[in-house]
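Listed in order, the protein sequences are those of chains A and B.
Our numbering applies: residue 14 is where the first sequence begins, and numbers increase by one.
Our numbering applies: residue -6 is where the second sequence begins, and numbers increase by one.
For the record, the hints were derived by calculation from the structure and aren't laboratory data.
For clarity, every value in this text was computed on a predicted model and none was experimentally measured.
Among the hints, a few may not be true.
What the hints assert, rightly or not - As a list, the in silico DSS-like pairs of lysine-lysine whose alpha-carbon atoms are at most 25 Å apart:
#  : chain 1 : residue 1 : chain 2 : residue 2
1  : A       : Lys108    : B       : Lys107
2  : B       : Lys24     : A       : Lys151
3  : A       : Lys111    : B       : Lys152
4  : B       : Lys247    : A       : Lys140
5  : B       : Lys191    : B       : Lys171
6  : A       : Lys57     : A       : Lys45
7  : B       : Lys107    : B       : Lys137
8  : A       : Lys33     : A       : Lys111
9  : A       : Lys33     : A       : Lys101
10 : B       : Lys191    : A       : Lys140
11 : B       : Lys240    : A       : Lys140
12 : B       : Lys193    : A       : Lys108
13 : B       : Lys152    : A       : Lys151
14 : A       : Lys19     : A       : Lys57
15 : B       : Lys247    : A       : Lys151
16 : A       : Lys140    : A       : Lys57
17 : A       : Lys139    : B       : Lys276
18 : B       : Lys191    : A       : Lys139
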Amino acid sequence: MLNVGKIEEGFVLDHIKAGKSLSIYHHLQLDKLDCTVAIIKNAKSSKMGKKDILKVECDIDMLDLDVLAFIDHNITVNVIKDGEIVSKKELFLPKEIKNIIRCRNPRCITSIEQELPHIFVLSDEKKEIYRCKYCEEKYTEHL
Amino acid sequence: MRHLMNPLDFSVEELDRLFDLANDIENHMDKYAHACAGKKLATCFYEPSTRTRLSFESAMLNLGGQVIGFSDAGSSSAAKGESVSDTIRVISCFADICAMRHPKEGAPMVAAGKSSIPVINAGDGGHQHPTQTLTDLLTIRSLKGRLDHFTIGLCGDLKFGRTAHSLINALVRYEGIKFVFISPRELMVPDYVIDMLKEKNIPYEEVIRLENIMPQLDMLYMTRVQKERFFNEEDYVRLKDFYILDKAKMQQAKSDMLVLHPLPRVNEISVEVDDDPRAAYFKQVQYGVYVRMALILTLLEISVPKTD
């Protein structure tokens, strides 16, 4: 069993689907932050069999975690202060997602326009439907 | 500064003002003859659409303005690989307002984001064609005197037809509208449109044949049924005549039912219907010019005192 030490302040993202931790690392742009990150892959889980865990040591206001709600609802976000879990952060679907997913509509302007950000807008919160800001095509496949 | 990307960009009240202006233009053309003197409209058409482009150009010329532009991507810098963002920045230096048609969906929105002049979406692929919807609404409002409390039949290709979808979306904002969708099974209205109608509690009916439903309709919006949309030739041959509007079908209709069509027509409305006073599709083209004139004035924030 591998042991990773406690963090003082930051987040522990638990119950990440096994194998997905690296993509979340990139979506949260953790590579751009100067902070300690532990990526634990394929940890044993009674609930999931296998899971990934991310531990991020940073100021808790530094990260916008709402994108996680889009990527995977089941991720648990534990907020850590002074080495202890102080709360579990509730995730809300972001109103807009930028450059996380790409529009697959070949007729969309994003398929030819240079350096155009891929932006999706939450069009139906209940049904969790995102549509491309430009062509309004529904995004159907999750990451 | 405002743009027009989607027919729903304008509220019902704003549309009322736009249509009032269009009707004032219709009745007092002379008064508006120099309203846009010194202004230029750029028609940036990345794919050919003679009708829409000429309607915009005619609208600007009627207002005393001038027109520049291109009518296919081959004669623009797009052929050299210029982005829409760059093109509109350049066009902004040449003109006061731009009407853009582009085969890629969302292209006019990208242009609007970078533009320093108002941009009108003149059709972006299969996505939106807001000035067609404004034309349809103005025609109905002018000829019926209202945009509420009627039964409208939409006939033809209701699956892929963007003009039909846009019109449905625009009409659900008015009270007392009932929809009758007349199409072959393969070309029925998409689920998301039906879901929206159910959610808003708007009555609708889906039927296969046109003739049975004719007596119920206050308005009939015809669209083309393209052969290539059918799964097989047999179905096409079997069904195509259901969707051809002719004199016999018109005899079953109300005496004041309007027939609309976004044009071009191929054979879905028999030529013998053209002289029927209920045939409004050529008047619709004329209303298209009035509504584009009103739109240009509105987006350029030019006001001409209205006649009471």
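These are the hints, each one checked on the structure:
| no. | hint | result |
| --- | --- | --- |
| 1 | A/Lys108 with B/Lys107 | 22 Å, holds |
| 2 | B/Lys24 with A/Lys151 | 46 Å, violated |
| 3 | A/Lys111 with B/Lys152 | 30 Å, violated |
| 4 | B/Lys247 with A/Lys140 | 41 Å, violated |
| 5 | B/Lys191 with B/Lys171 | 12 Å, holds |
| 6 | A/Lys57 with A/Lys45 | 29 Å, violated |
| 7 | B/Lys107 with B/Lys137 | 40 Å, violated |
| 8 | A/Lys33 with A/Lys111 | 19 Å, holds |
| 9 | A/Lys33 with A/Lys101 | 20 Å, holds |
| 10 | B/Lys191 with A/Lys140 | 15 Å, holds |
| 11 | B/Lys240 with A/Lys140 | 46 Å, violated |
| 12 | B/Lys193 with A/Lys108 | 23 Å, holds |
| 13 | B/Lys152 with A/Lys151 | 16 Å, holds |
| 14 | A/Lys19 with A/Lys57 | 18 Å, holds |
| 15 | B/Lys247 with A/Lys151 | 40 Å, violated |
| 16 | A/Lys140 with A/Lys57 | 32 Å, violated |
| 17 | A/Lys139 with B/Lys276 | 43 Å, violated |
| 18 | B/Lys191 with A/Lys139 | 16 Å, holds |
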